[in-house]
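Undergrad: Chains A and B supply the protein sequences, listed in that same order. Under the UniProt record's numbering, residue 147 is the last one in the first sequence; the count climbs by one each step, no gaps. Under the UniProt record's numbering, residue 141 is the last one in the second sequence; the count climbs by one each step, no gaps.
Hints were generated in silico from the structure; no laboratory data involved. Cβ atoms here follow ideal geometry from the backbone N, Cα and C, with glycine treated the same way. Check each hint, because a few of them may be wrong.
[What the hints assert, rightly or not] Only pairs whose alpha carbons sit at most 25 Å apart, straight line, appear in this in silico PhoX-like list of lysine-lysine:
{"hint": "1", "chain 1": "A", "residue 1": "Lys118", "chain 2": "B", "residue 2": "Lys127"}
{"hint": "2", "chain 1": "B", "residue 1": "Lys40", "chain 2": "B", "residue 2": "Lys16"}
{"hint": "3", "chain 1": "B", "residue 1": "Lys16", "chain 2": "A", "residue 2": "Lys121"}
{"hint": "4", "chain 1": "B", "residue 1": "Lys4", "chain 2": "A", "residue 2": "Lys121"}
{"hint": "5", "chain 1": "B", "residue 1": "Lys16", "chain 2": "A", "residue 2": "Lys118"}
{"hint": "6", "chain 1": "A", "residue 1": "Lys96", "chain 2": "A", "residue 2": "Lys63"}
{"hint": "7", "chain 1": "A", "residue 1": "Lys83", "chain 2": "A", "residue 2": "Lys105"}
{"hint": "8", "chain 1": "A", "residue 1": "Lys133", "chain 2": "A", "residue 2": "Lys118"}
{"hint": "9", "chain 1": "B", "residue 1": "Lys4", "chain 2": "B", "residue 2": "Lys127"}
{"hint": "10", "chain 1": "A", "residue 1": "Lys63", "chain 2": "A", "residue 2": "Lys121"}
{"hint": "11", "chain 1": "B", "residue 1": "Lys99", "chain 2": "A", "residue 2": "Lys133"}
{"hint": "12", "chain 1": "A", "residue 1": "Lys77", "chain 2": "A", "residue 2": "Lys18"}
{"hint": "13", "chain 1": "B", "residue 1": "Lys61", "chain 2": "B", "residue 2": "Lys99"}
{"hint": "14", "chain 1": "B", "residue 1": "Lys99", "chain 2": "B", "residue 2": "Lys16"}
{"hint": "15", "chain 1": "A", "residue 1": "Lys83", "chain 2": "A", "residue 2": "Lys118"}
{"hint": "16", "chain 1": "B", "residue 1": "Lys139", "chain 2": "B", "residue 2": "Lys99"}
{"hint": "17", "chain 1": "B", "residue 1": "Lys4", "chain 2": "A", "residue 2": "Lys118"}
{"hint": "18", "chain 1": "A", "residue 1": "Lys121", "chain 2": "B", "residue 2": "Lys99"}
{"hint": "19", "chain 1": "B", "residue 1": "Lys16", "chain 2": "A", "residue 2": "Lys133"}
{"hint": "20", "chain 1": "A", "residue 1": "Lys105", "chain 2": "B", "residue 2": "Lys99"}
{"hint": "21", "chain 1": "A", "residue 1": "Lys18", "chain 2": "A", "residue 2": "Lys96"}
{"hint": "22", "chain 1": "B", "residue 1": "Lys16", "chain 2": "B", "residue 2": "Lys61"}
{"hint": "23", "chain 1": "B", "residue 1": "Lys7", "chain 2": "B", "residue 2": "Lys127"}
{"hint": "24", "chain 1": "A", "residue 1": "Lys83", "chain 2": "A", "residue 2": "Lys121"}
{"hint": "25", "chain 1": "A", "residue 1": "Lys105", "chain 2": "A", "residue 2": "Lys77"}
{"hint": "26", "chain 1": "B", "residue 1": "Lys16", "chain 2": "B", "residue 2": "Lys4"}
{"hint": "27", "chain 1": "B", "residue 1": "Lys16", "chain 2": "A", "residue 2": "Lys105"}
{"hint": "28", "chain 1": "A", "residue 1": "Lys77", "chain 2": "A", "residue 2": "Lys118"}
{"hint": "29", "chain 1": "A", "residue 1": "Lys121", "chain 2": "B", "residue 2": "Lys61"}
{"hint": "30", "chain 1": "B", "residue 1": "Lys139", "chain 2": "B", "residue 2": "Lys16"}
{"hint": "31", "chain 1": "A", "residue 1": "Lys118", "chain 2": "A", "residue 2": "Lys18"}
{"hint": "32", "chain 1": "B", "residue 1": "Lys139", "chain 2": "A", "residue 2": "Lys105"}
{"hint": "33", "chain 1": "B", "residue 1": "Lys139", "chain 2": "B", "residue 2": "Lys40"}
{"hint": "34", "chain 1": "B", "residue 1": "Lys61", "chain 2": "B", "residue 2": "Lys127"}
{"hint": "35", "chain 1": "A", "residue 1": "Lys18", "chain 2": "A", "residue 2": "Lys121"}
{"hint": "36", "chain 1": "B", "residue 1": "Lys99", "chain 2": "B", "residue 2": "Lys7"}
[Said to hold, decoys possible] Where chain B lies over chain A, by a calculated footprint (3+ residues, C-beta under 8 Å):
{"hint": "37", "stretch": "76-84"}
{"hint": "38", "stretch": "100-113"}
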Amino acid sequence: MVEWTDFERATIADIFSKMEYEVIGPAALSRCLVVYPWTQRYFGNFGNLYNAAAIIGNPMVAKHGTTILHGLDRAVKNMDNIKSEYAELSVLHSEKLHVDPDNFKLLSDCLTIVISAKLGKEFNGEVQAAFQKFLAVVVNSLGRQYH
Amino acid sequence: MLSKREKDLIAEVWTKLIPVAEDIGSDALTRMFATFPGTKTYFSHLDISPRSAHLLSHGEKIVLAIAEGAQDIDQLAVSLAPLQTLHAYQLRIDPTNFKLFSHCMLVALAAHMGDDFTPVVHAAIDKYLSAFAAVLAEKYR
Numbered sequence: 001m002v003e004w005t006d007f008e009r010a011t012i013a014d015i016f017s018k019m020e021y022e023v024i025g026p027a028a029l030s031r032c033l034v035v036y037p038w039t040q041r042y043f044g045n046f047g048n049l050y051n052a053a054a055i056i057g058n059p060m061v062a063k064h065g066t067t068i069l070h071g072l073d074r075a076v077k078n079m080d081n082i083k084s085e086y087a088e089l090s091v092l093h094s095e096k097l098h099v100d101p102d103n104f105k106l107l108s109d110c111l112t113i114v115i116s117a118k119l120g121k122e123f124n125g126e127v128q129a130a131f132q133k134f135l136a137v138v139v140n141s142l143g144r145q146y147h
Numbered sequence: 001m002l003s004k005r006e007k008d009l010i011a012e013v014w015t016k017l018i019p020v021a022e023d024i025g026s027d028a029l030t031r032m033f034a035t036f037p038g039t040k041t042y043f044s045h046l047d048i049s050p051r052s053a054h055l056l057s058h059g060e061k062i063v064l065a066i067a068e069g070a071q072d073i074d075q076l077a078v079s080l081a082p083l084q085t086l087h088a089y090q091l092r093i094d095p096t097n098f099k100l101f102s103h104c105m106l107v108a109l110a111a112h113m114g115d116d117f118t119p120v121v122h123a124a125i126d127k128y129l130s131a132f133a134a135v136l137a138e139k140y141r
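Work out the full structure, taking the sequences as your base and the hints as a guide.
TA: What follows is the structure, encoded as structure tokens:
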């Protein structure tokens with residue numbers, strides 16, 4: 001069972017209540033594909049990923065980024081049971097999508113950086129720590145059903 | 001592997017950070033201590049409360065070293081030789097921590113640069129910091 005402080009709960013709720021999913025989602029996923037190009041291996045049918053500009057302008061990447069970010073909503077709504085919330089998705093990523101779970105961390109690092117760029121000073125050390133703890137729990141849950 | 005364009009970009013970005021070295025450096029350190037508490041174990045001899053004199057001076061030192069390396073990335077092994085010795089024989093910081101610090105440095109840069117911290121800039125700096133860390137750890141064994 002993950003213990004959350006009041007500050008952590010409030011921080012996560014606050015960040016997601018103001019979240020612009022259609023901006024942040026695409027930004028995080030496209031950044032991941034640019035900064036860690038090997039992650040493109042999972043997006044062979046997404047069309048033009050030839051360079052940074054193409055990736056950032058790619059509508060399939062944008063749509064998928066938004067989808068992924070919304071995927072975090074279930075954890076936000078049920079922070080005390082993140083592991084069970086993602087059990088099915090974990091199986092999906094393992095058995096159908098065959099995604100190396102190390103990639104979850106790469107995407108979560110990119111999301112952290114996108115949020116930091118957006119919020120600036122407001123995203124201070126304490127806020128970052130709470131956000132990263134939350135993402136670490138999500139990442140861990142998504143990797144749980146890999147056997 | 002860094003292209004010429006990336007090396008120029010890296011030199012440009014880090015030169016601009018020299019005047020705010022203690023802000024960026026202390027911010028990155030504070031983020032690291034908050035997010036990865038194990039890293040605090042290396043600083044039991046210093047006052048690492050946010051914006052303490054120790055933290056500002058230490059953060060400044062680190063950023064200036066990174067900025068200096070950025071001016072001639074091909075010569076990193078030469079310019080970092082004294083720091084290599086320091087880290088290998090005296091500080092002996094476990095190299096996993098370099099990754100944690102690099103990540104927090106990137107987050108600090110994002111907070112500082114906002115939209116200017118584009119994916120291309122991010123990628124170039126991430127690669128540079130990885131190379132820097134690798135050179136720093138070269139004398140460990």
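Undergrad: Now tell me, hint by hint, if it's right for this structure.
TA: Results of checking the hints against the structure:
Between the alpha carbons of Lys118(A) and Lys127(B) the distance comes to roughly 23 Å, so the proposed pair stays at or under 25 Å and holds. Distance restraint check for Lys40(B) and Lys16(B): the Cα-Cα separation of roughly 28 Å exceeds the 25 Å cut-off, and the hinted pair is therefore not satisfied. Only pairs whose Cα atoms come within 25 Å are accepted, and Lys16(B) paired with Lys121(A) is accepted, the gap being roughly 19 Å. For the hint linking Lys4(B) to Lys121(A), the alpha-carbon distance of about 32 Å lies beyond 25 Å, and the restraint is violated.
Of the supplied pair hints, the one linking Lys16(B) and Lys118(A) holds, its CA atoms being roughly 21 Å apart against a limit of 25 Å. For the hint pairing Lys96(A) with Lys63(A), the CA-to-CA distance comes to about 20 Å; that is within 25 Å, so the pair holds. Note on Lys83(A) and Lys105(A): the hinted pairing holds, with a Cα-Cα distance of about 16 Å set against a maximum of 25 Å. A hinted pair counts as satisfied when its Cα atoms are at most 25 Å apart, and Lys133(A) with Lys118(A) qualifies at roughly 19 Å.
Straight-line distance between C-alpha atoms of Lys4(B) and Lys127(B) comes to about 13 Å, which keeps the hinted pair within the 25 Å bound. With a C-alpha separation of about 29 Å, the suggested pair Lys63(A) and Lys121(A) falls outside the 25 Å cut-off, and the hint is violated. Proposed proximity of Lys99(B) and Lys133(A) is supported: the alpha carbons are some 17 Å apart, at most 25 Å. Using a Cα cut-off of 25 Å, the hinted pair Lys77(A) and Lys18(A) holds, with the two alpha carbons roughly 15 Å apart.
Of the supplied pair hints, the one linking Lys61(B) and Lys99(B) holds, its CA atoms being roughly 18 Å apart against a limit of 25 Å. Proximity of Lys99(B) to Lys16(B) is assessed by CA-CA distance (about 23 Å); at most 25 Å being required, the pair is judged to hold. Of the pairs offered as hints, the one joining Lys83(A) and Lys118(A) is violated, with about 28 Å between alpha carbons and a cut-off of 25 Å exceeded. Taking the CA atoms of Lys139(B) and Lys99(B), the gap is about 17 Å. The hint holds against a cut of 25 Å.
Restraint check for Lys4(B) and Lys118(A): not satisfied, since their Cα atoms lie roughly 29 Å apart, outside the 25 Å limit. Restraint check for Lys121(A) and Lys99(B): the C-alpha separation of about 22 Å stays at or below 25 Å, so the hint holds. The straight-line distance between the Cα atoms of Lys16(B) and Lys133(A) is roughly 32 Å, outside the 25 Å bound, and the hint therefore fails. In summary, the hint linking Lys105(A) to Lys99(B) is supported, as the alpha carbons are separated by about 13 Å, within the 25 Å threshold.
Restraint check: the Cα-Cα separation between Lys18(A) and Lys96(A) comes to about 33 Å, which exceeds 25 Å; the hinted pair is violated. Taking the CA atoms of Lys16(B) and Lys61(B), the gap is near 16 Å; set against the 25 Å cutoff, the hint holds. Simply put, Lys7(B) and Lys127(B) have alpha-carbon atoms about 10 Å apart, close enough for the 25 Å limit, and the pair holds. Proximity of Lys83(A) to Lys121(A) is assessed by CA-CA distance (about 31 Å); at most 25 Å being required, the pair is judged violated.
With a CA separation close to 21 Å, the supplied pair Lys105(A) and Lys77(A) stays within the 25 Å bound. Note on Lys16(B) and Lys4(B): the hinted pairing holds, with a Cα-Cα distance of about 19 Å set against a maximum of 25 Å. Between the alpha carbons of Lys16(B) and Lys105(A) the distance comes to roughly 30 Å, so the proposed pair goes past 25 Å and is violated. For a cut-off of 25 Å, the pair hint linking Lys77(A) to Lys118(A) stands: about 23 Å separates their Cα positions.
Taking the CA atoms of Lys121(A) and Lys61(B), the gap is near 22 Å; set against the 25 Å cutoff, the hint holds. For the given pair, Lys139(B) sits about 30 Å from Lys16(B) by alpha-carbon distance, which is inconsistent with the 25 Å threshold. Distance check on the hinted pair: Lys118(A) and Lys18(A) sit about 11 Å apart at the alpha-carbon level, within 25 Å; holds. Proposed proximity of Lys139(B) and Lys105(A) is contradicted: the alpha carbons are some 29 Å apart, above 25 Å.
For the given pair, Lys139(B) sits about 23 Å from Lys40(B) by alpha-carbon distance, which is consistent with the 25 Å threshold. As the CA atoms of Lys61(B) and Lys127(B) are separated by approximately 21 Å, the hinted pair is consistent with the 25 Å bound. A threshold of 25 Å between alpha carbons decides the hint, and for Lys18(A) with Lys121(A) the separation of about 16 Å falls inside it, so the pair holds. With a C-alpha separation of about 20 Å, the suggested pair Lys99(B) and Lys7(B) falls inside the 25 Å cut-off, and the hint holds.
Here's how the stretch 76-84 of chain A fares: 0 of its residues keep a CB closer than 8 Å to some CB of chain B, so the rule of at least three is not met and the hint is violated. Proximity of the stretch 100-113 of chain A to chain B, defined as three or more residues with a beta carbon under 8 Å from a beta carbon of that chain, is established by the 3 residues found.
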